[in-house]
Structures are given as structure tokens and as C-alpha cells.
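*Asks:* Dock chain B against chain A, hints included.
Listed in order, the protein sequences are those of chains A and B. Mapped onto the numbering used here, the consecutive letters of the first sequence carry residue numbers 1 to 630. Mapped onto the numbering used here, the consecutive letters of the second sequence carry residue numbers 1 to 630.
What the hints contain is simulated information worked out from the structure, not anything from laboratory work. Even glycine gets a Cβ: it sits at the ideal position worked out from N, Cα and C. A portion of the hints provided could be inaccurate.
To be verified - DEER-style ranges, computed between Cβ atoms: (1) A:GLU276 - B:LYS9: 54 to 62 Å; (2) A:GLY54 - B:GLU191: 55 to 63 Å; (3) B:ILE612 - A:PRO338: 51 to 59 Å.
To be verified - Listed next, the stretches of chain B that the computed footprint assigns to chain A, with coverage defined by at least 3 CB atoms under 8 Å from CB atoms of chain A: (4) 170 to 181; (5) 322 to 336.
Unchecked claim - Here are the simulated EDC-like cross-link-like pairs (lysine to aspartate or glutamate), alpha carbons at most 16 Å apart as the crow flies: (6) A:LYS314 - B:GLU176; (7) A:LYS594 - B:GLU145; (8) A:LYS594 - B:ASP139; (9) B:LYS314 - A:ASP261; (10) A:LYS314 - B:ASP138; (11) B:LYS168 - A:ASP261.
Protein chains: 2
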Amino acid sequence: VQEFTVNFKGLSKTIKAPKGSDLLAAAIRAGLILNTACGGEGLCGKCRVIVKKGNIRDERSKFINDRDRKKGFVLACQTLIEGDLEVEVPKESLEVHEKIKHESEEFTKGIILKREDGFKFSPFVRKFYVELPPPTLDDNVSDLERIGRELKGSLDKVMLSAKLANVKHLSEVIRESDFKITVVVGYRDGELEMLTVEPGDTTKANYGFAFDIGTTTVVGQLIDLNTKNILGTRIAFNRQSVYGSDVITRIIYGSEPKGLDELNEAVISNISEIIEDLVSANKVNLSDVYVISYAGNMTMMHLLLKIDPTNIRKAPYVPTTTVFPIMHSSGLGIEVSPKGISSFLPGVSTYIGGDIVGGVLACGLYENDEISLLADIGTNGEIVLGNKEWMIGAAASAGPAFEGSGLSFGMKAVRGAIEKVKIDENLNIELGTIGPDKPKGICGSGYIDLLCQMLKRGIITKDGKMNRGIKSGRVRKGAANYEFVVAFKNESSIGKDIIINEDDIENLKRSKGAIYSAIIALLNKVEKKLGDVKKIYIAGGFGNYLNIENAIFIGLLPDADRDVYEFVGNSSLAGARMALLSHEAFEKTNEIYKNITYVDLGSEPNYMDEYIAALFFPHTDLGRFPSVRL
Amino acid sequence: VQEFTVNFKGLSKTIKAPKGSDLLAAAIRAGLILNTACGGEGLCGKCRVIVKKGNIRDERSKFINDRDRKKGFVLACQTLIEGDLEVEVPKESLEVHEKIKHESEEFTKGIILKREDGFKFSPFVRKFYVELPPPTLDDNVSDLERIGRELKGSLDKVMLSAKLANVKHLSEVIRESDFKITVVVGYRDGELEMLTVEPGDTTKANYGFAFDIGTTTVVGQLIDLNTKNILGTRIAFNRQSVYGSDVITRIIYGSEPKGLDELNEAVISNISEIIEDLVSANKVNLSDVYVISYAGNMTMMHLLLKIDPTNIRKAPYVPTTTVFPIMHSSGLGIEVSPKGISSFLPGVSTYIGGDIVGGVLACGLYENDEISLLADIGTNGEIVLGNKEWMIGAAASAGPAFEGSGLSFGMKAVRGAIEKVKIDENLNIELGTIGPDKPKGICGSGYIDLLCQMLKRGIITKDGKMNRGIKSGRVRKGAANYEFVVAFKNESSIGKDIIINEDDIENLKRSKGAIYSAIIALLNKVEKKLGDVKKIYIAGGFGNYLNIENAIFIGLLPDADRDVYEFVGNSSLAGARMALLSHEAFEKTNEIYKNITYVDLGSEPNYMDEYIAALFFPHTDLGRFPSVRL
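Chain A extracted, bound-state conformation (with noise of 0.2 Å):
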């Protein structure tokens, strides 16, 4: 194939790219990580860039005016490189990372930290200061013995083991720090290792990092490893998603070893950025990052750790592992401490995995004595019913919607997000917006609201059609079919009117419907009611937004007490975090995740007819949603 330059302006980026290949995969190699809040697929207008010269054949866009066009904007992600390209790349299409809403990250902590204390606080890595007496001709064991004998009583267990690495150059470091020193110990297989040895008493400083990989979104979180104190908390859209919006396409994509590379390079950058962004913001070293605790799903974790996933899109849909072992930070091409570890936790099968056996452990439902259900609504919807004498589990292909991805204003829960909506009788509408800005677009608690609304002054029907005999001029005939303006123009803070078109509604009921039927289809396996259920834990990116009775309006969650309902939050990355400060809590997934069994929909008779029956706001049966009156 022929190759083109492609020479990114002001940043003194230059590459070779193949002709036809697209803009933002040549911006990605250059190491520019643009916005993609859609994943590449032309629906966010995010991603512009200025082509300067050169010849490219691109889409036309509807987020581009002529104005803006003539002077050379395009989307990178619908722009095909036809020849030798000159490219300038304004500051506000670059990626930043954004603070996730304050309110929900304590809200996750909250719960969490309540659950804690069930755990012994015991992080996977911990620092003592020892001061060792110096060997003497009656008292010389060697230094690791010294060490060893010194930690006796501070640890558990022996210090059993340390790697080669490690001790190199111990005998140094002890001498020329008298013999002050601070250890630092690491938890790994059920026993303690030494990682290494700090002169002096550096135990004030021991950060770790808990992580959830979403298919969707990443998300970090920098925790103080003395104090268990969140120091900061940053999500931002997983940047595979210029290879594929969904996990199928990814794995295909990285069936080849390059596509592999690629993907892993990808959430790699992700991960750094977050670390890098997270300790520069709250002045913490790198060198004090000694440990870092994964959450994700299957797909992601073979992917963060390379390992060849082709066989889990293929049927019998067969990972290669649910088990990962901890490994040096450093063997992940992760930037912290060279001695740091890592840790992910255990799955279920391709379909459940980490981040929901992470949601589990977080909610407490494996101890519940009563039978209790968790719902993790993100990119799919995992399903997880049971007490603690059986856990079923059970994946809905419910789609990133509730995400905010693939929707024409769909945006993550972070400032300018619209999460609440109201609409009274004459039409008019109150939003509740992240933050003082005016609103940028809709994240999934406010679509939420904004379907129930919608449905209740009848602008839309029960399947999801705009209603056209709606006098109002927020109704009209759109670019692609009929839309509902949510904000105008100067309502908004992006230059341009804030819709929701019946596309993205039909992309919302897909998703609810598929979240609802497979509650059911759980409860039908083990010959349930839903009054049986005493506990349903909503996880997902909704934080504590998501208004429940307007979710059992639309028909996403189903119609059982408000009082049963509980909000997790992202509890996988709560998973990941409790993993993190309590290796017990860690141990304990190692428990969960063998007492799940794996329930497919697919092979579910009724599922099918369940899934159908939901595709309509509430349900066909309304008999199943008496609190809701349309």
C-alpha cells in the first residue's frame, strides 16, 4: 500500500501512514490522543482537526459548518489520507482527563467504606521502618535473614520469599543507611515478598492506584495507602475505542499481533496518563506507587495483559484465563515504582468478569442471607442474583447508551452533563446540569429522566416514536429523523441545539430492554419472584443520579419497593479498591468468583420472548409495572 506523510502542525509530530487509512488512527500513532467520546464513528464531532494541506476524502459532517469546513476543519475519524498531509490540531479537540463528579465518588466511597470494614486493612503493599541491629561475629545471619527476623513481629506470617531483583543490592542500601531502613512488602499468592528496601523511614509515603477497565470508560483512583484516603479519582474514554466500540470488534482487531499490541498500547496510555495526571495533581512520586488493583472484564483484561483473545468471541466463547497472576507493574509497560506489583481480579467466565465479581465483593451480596441482586448497567449489563449459598450470573448485550456512547449528545457523567430532566405540561423544560457550565450533552441518568418525561407528556409513544402531533418547536424533522431539542443553541455551552433523535431513543430501549429481560430471565432459572429479591444493587456509571422511579418508568429496572433498591456506583473500581487496601478482601474474590455460575441467556428458553416483550417503554405487559401509570 502506499504511504503518506503526515506532519501534525505545532506539534512536531511526523508519520507515515498508509493511503486510505483514517486521520485519528494517524493521530493515534503520533501519540495525540484526540477526543472520541464516540469511539471514532463520526457521532460526537470531537475529534476535529484543521488539514492544512494535502489531499483527503472525508464525510460530511453535520458538526462542521460551512464557515469552519472552508477553512479546512474535518473529523479525524471520518477523514481518509489521500496524499502527503499538513495537519494542525486545535487545543479543545486533545483529550483531557476529566474529574469525575465529586458527589459520586464519595458516594462510592461511602458505601465502600462501610463494607470495608468488614476486611482487615492490610493493602497489598505495606512499608515498615525497622532499625536492624548491626551483625556482629556472634549475630551474623545474613541481611534477608536480618530483615526477615526484624519483621517477625510485625507481620503475620514470615516474609517467605524475595525476588532475585530485589536483593542485589540489599547489602548496600542496609549499610549505607546504618541500618535504618524502611521495607517494603508485598503480598502475592497467599505469601508476603520483599520488594524492596528504602533507606531510612519513607513510610509516610505508600500510594496505590485502583483501577476499573471498562470497555467503555477507564478509571482511576489515587489511594493513600496509610490512610485509606481517595486522593483523587479520573475517568476517561477507553482510547481502544477507535478500534471498535464494542468488545467483538476488538477482539477481532486484536487477533493479529499487531491489532493486539495496538489495543494493549492503547488502554496502556489510558492507565499512564490517569497515574501521571493523578500524582502530579496531589504531588505524590511515582517511586512511592508501589501497587496497582485491576478491575475489568474479561475482553479488557486480556488486552491490558496481551493475552491472545480470539477464542473468547468464538464459540463455546472460551477465555484463555479468569485467573491473572500478580506481576511487576513494570512487566505492563506501567510507570511507577520498577518494584511495584500489580493485581486483577478474578473473573467468571468470558461474560462475568473482574469488574462484576469486584461488584459482588463491594455490595456484600455473596454473605447476604437473604437473596439479593446486582445490576452493573455500563457498556453491557451484568446481572449477578443470589445469597451466600449460590450465586448465578448472567450478561445482557445491553450497549454503551447508558454510558453515554453512541448517542448523538451522549457524554460520561462529568461537568456539563445533563443527569436531570424535567419537563412540565406546557413543554418547558428544567435541567440539572454536572457542574456551573451550561450544558455540553446527556450522560445516562439524564436520558433516563428525559425518556420518562417524554413519555409521561406524551412526546414520545410507547415504542419509542416521536409523537407528531406535538405542537412545539422542539419537535421537528431532523438530519437523520425526528428529534426532541433538549437545550437550544444559547442554552447550550457547545454552539449548537442538544437533541435527542428517535435513533438514539431506539439505542436506549434496545439497551433497557435487554437489561430488564435478563433480570427476568435470572429470577425464572432459579424459579424466583421479584418479591423474593430483598436487595438490587445498581452499579454502573450512574453514580447516585440515576432516579429509580423514573428507570422503573422507561422499564429499565423492574417494578419492585423502592426501598429494595441500593446504589453501588462503579463497583468495580470499588472492587478493585477494597482488593487494594485488604488482601483478605482480595482473597475473598478468589471465593466469589468459583461460587458464581454462569447463566446463558442465549440458551435461556424464554429469554428471547422476555428481551422482545421489553422493547417497549415500560413493557408490553403492563401488568408487570402496576406502580406506573402513562
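*Replies:* Frame of chain A; chain B shown alone:
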């Protein structure tokens, strides 16, 4: 410092060397391994090279006759570089690995096989052929779990861990081989670990190496891990000798970072070449070698693993560690299977290393009801005394004389070595030489015989001086001092007389005195008498060719009942092999090393007196040697 170019002609190797550095070091840096039986001290005359051009400064050596000298012959170790040089290296000066004497190898094997029966055959690495049931929708556990499930029947305990690198391409390998695979399982810290998976049935090809890393010699054995058969044994002088013949010199050298690298590279090259030599001689694929088991003294282990050895030689003589984790062989720079692992026998202290712990394992001293003693006569003489309830150990600075080093004609017990000597009343000599050739030199057991016979025939006196009154062409004043001709030029294969001189005898006397007095000091320490010792195991390079009677006659060994003595050969190597063949045996060494109490002879009140009293043949106190009649 000024640098010169040294061009090794015909070998197309050219390097830069600083002015005044020696030619042997330059050759080694150029990758040429010259014979250096004496460790680069000008004593063996084996590193002959021809300087064709350029300025040198050299010591005139008795090993170079005038004719050769005119041709440019010099000893590389005694030649300093004073200008750009052209050097030719005769083929006979390049080191060749020598096969260890067949009988001695067999002997060791006999001793050990008797003991090996005490441990379950469970080599460090095992191979299991499995035909996995292909996954189905009803049975779609992960690939790793599928393997673990299938192996459960074959293993005592479930395979618990697998390193990430070993699972990355698992899914592909399994499917390409149609689910018929050989699983290579290694033992690590009490757990079994999947090292890799090979397509098809490869169980027949499973090999390991046992190594004894001595200060003077490196010995390796290739073992078939299916049959326990020893396929071959090779012995080589430790190339670190170039940097110093004893551990102290090497530690000083190794305390500089570059020095540590060089010492490490030297021994790694020894090991690598022995491995290459044995696999090619036995038509074994390197990739089928999955495990290496090492035993060696504490300094050798530090240098092998590139652990800073500085504090081993400084009071209070503290090693960095006396136990070493199991690691990947590739991490040491050894080329066998990239997934192969290496294990190291643990030691007690700076002076009682894994070689001695291996010896205690091999001879079984640790489980005897009655008191027994192990004397390992190598570069040092290490002694362990005890029974199943207690053990004490000490090291005597015996020097490498009995390993054939540091003596005018000393050599290893290999082909061409005089190993037996008889002298009749007329001073006629009958020599027993290893192999069919004429003798080249004298090995340890040969020297013991020789000393004994010289004493008996009055050729030397009790204090080791040559009897000037003897009328014989064999006794003469030599270059250094008085010497005795063991084999005349025409009886030797090296074109010159093989002699022993008074320096050699002094050297041997100190060695034997150090060992004897260490044995007595340990007995005194626990207030036992020689008669309390029911077994004395003799280990070292002697094989079964040490004449006990003669060793007692010269005062090397105490005058105990002869049936108390048992030869165990290279018991360090035997211990390494036992660990290789049974990880139960390896685990046992972790008990043994903890149960041996180290005794510092220097702090023992009577040791120095004992040593001085032992500097006679056999001893100043003849009452201690009632069976010896001079």
C-alpha cells in the same frame, strides 16, 4: 591510561587493552578461553601464546624454553602489554572441557542412588501429556482451568499458578495441536506452576542439569528426567580464577560493579559451554532442558546471581542472603528452554554454603541416629559433624591444593593425571595414571599417595623438607628449591619432567593440617571423641581414588577405624542432582540448612594450637596416629 590494540591473529579478534594490563585478561575479554589451571599465577605453564609483533614486559618462565622464547612464546598471564600487539594463540592453549573420569562419576551415582530412594521421584520439572476434551457451550471453562482440571489426577496438588508470559499464546497452541498437548509443570516455592505447553506428546524429552559451582572447578551433569540417567558429566576450571584463585580476591574484584559483571560472565560462560557440550554430545535439544539445579559455596552463589558480595569478606562476614529464589534460567543468561527454571541449594552462612548442605543431604548425615562427620575437601575444607538431632559445621582455609591448583604440576582428576603412586625401596616409582596416555600432571589423590610414599621412603622428613642425603637422580635442586622427579620427561606426555618441590609440599602440608585440625576442633566443641564418630564421609574431587590409609598416614584424616570411612565423591553435585530429581529432597535442604550451627574456628580457643600441631606429617603428637609407623 594509554590503551593499545591487541590483535589475536587467525581468530580475528581485536580488542583495546590498557598499558600494563596482562595478556591473559585481554584474551578473556576477547572471548578466548585459555587454559589456566593455576588461576593465572604462572604456575601451570598452560596459557602459552606467541607474541608476533609489539612491545611486552614479561617474567621469564621455566615453562618456556629458550628456543620457544625466541619464537615469541610467553605465558599470557605473566605478560604485560606495552604496545600494540599481534598475538597468535596455539590451539593447545585453548581450554577444552574434560570429561570427568568415568569411574568416579559412576561411583558418585551409586552412592546417591542408594540415598535417592529415600525421596519420592518428583523432578523439579515434569511433563504431562493430556488430551483435553474440547470446550463446548456446556463446558466452557477457561483454557488454563481446563488444563488444571485435567492435570488434577496426575498431580498431588492442583496447579495453582501460571506466569503471565506462559499463558499469552496458550489458546492458540492448544487449538493448533487439536487439544493434544504436553504441559510442562515446574515446582516453585511449594507450588506447581505451568511453565509452558508444547503441542503433541513431548514427554519423552525432558532433561535437566545439576551443577556444582566450586571456587576452583565447575562441574555439570546432564540428567534424563524420565529415567534419572546421568547422560554425561563435564568438569572445567572456574574461569573466575583469572581474577583471583581464592574467594577473597574475587570478592574484592567483584565489589566493583564492572568486576561483578566480569566474574559473573566468567562463570556463566563455564556453565553455558558445559551445557552446550553435553547437549550436543547427547543429541539433546536445548529447548528440552527445563531445569538446572545448582549447588555452590556462598561466594560462588553471590557471583553467579550477581548479588553484591562485598560484605561476605568484611567482618562479621555477612552474606546478602543464604537462600535464593527459584528463577527463570534465562534470567541468569543461560540459554536453555526460555521457560526453564533454576534452583539453588540454600546455605547456612558465609562459610557453609549450599554445596555443603547438598553434601549433608547426599550422605544422609542429617538423619543418622549416631554421630557422623562429613569432610568436603575442595578449595576450602568444610566439615559438618552431627546426627539427626544436631549439626555443627566449620570451614578450614585449606586452599585448593587437593583440587590440583596452586601446585607445580597439579591438575584435576581427569585423563592424564597421576592418581596413584608407589615408590619401592630402591626409589623406583610405579604410577597409576587416569586413561591410556602418559601422565601430564598429578591430581589430589596422586599427591596424597606421593607424600605418603616419600615419607615412607625417607625422601622427605616429618616437617616436609627434602632429605638432602638421599642419593637419587630423582632428588635435585630445582629452579625454586629442592624437588623430586615423579616422572621424567620421556615418561610424561608434556615433554618435560613432572616434579614436586618443597613449595608444593609446604602447600599440601598446610592444606592437610587445616582440615585435620578443623575436624578435631569440632569434636572438641561438642566434647566428643573420634571414637564417637561412627561414619566419616569424605567428599571432594577425589572420587574413590583417595587412599584412606595414605591420607591418614600424612595426617590429612584422623586415625579412625578404617571401616568408618566412606567416600561420597562430589557430594555437592550429588545434592544438586537429588534436588533436581525430587523436590522433596529440595525441601529437605531447607530443613537441613536451618539445623546446622556454624562454628567460627577463629573464635575457638584451641583451634590455632591444633593447626600448628598439625603442620607435621602426620602430626607433632604421634600418639594421635597409633596406626602410623614411619
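*Asks:* Now tell me, hint by hint, if it's right for this structure.
*Replies:* Now the hints, each set against the structure:
1. At roughly 56 Å, the beta carbons of A:GLU276 and B:LYS9 sit within the given window of 54 to 62 Å.
2. Checked against the given bound of 55 to 63 Å, the beta carbons of A:GLY54 and B:GLU191, roughly 58 Å apart, stay inside it.
3. Checked against the hint of 51 to 59 Å, the pair B:ILE612 and A:PRO338 passes, with Cβ atoms roughly 53 Å apart.
4. Residue count for the segment 170 to 181 of chain B with a Cβ under 8 Å from a Cβ of chain A: 4. That meets the three needed, and the coverage hint holds.
5. Check result for the segment 322 to 336 of chain B against chain A: holds, 6 residues qualifying (beta carbon to beta carbon below 8 Å, three or more required).
6. Of the pairs offered as hints, the one joining A:LYS314 and B:GLU176 holds, with about 15 Å between alpha carbons and a cut-off of 16 Å not exceeded.
7. For the given pair, A:LYS594 sits about 11 Å from B:GLU145 by alpha-carbon distance, which is consistent with the 16 Å threshold.
8. Of the pairs offered as hints, the one joining A:LYS594 and B:ASP139 holds, with about 15 Å between alpha carbons and a cut-off of 16 Å not exceeded.
9. For the hint pairing B:LYS314 with A:ASP261, the CA-to-CA distance comes to about 49 Å; that exceeds 16 Å, so the pair is violated.
10. Of the supplied pair hints, the one linking A:LYS314 and B:ASP138 holds, its CA atoms being roughly 14 Å apart against a limit of 16 Å.
11. Between B:LYS168 and A:ASP261 the CA atoms are separated by roughly 12 Å; this keeps the pair inside 16 Å, and the hint holds.
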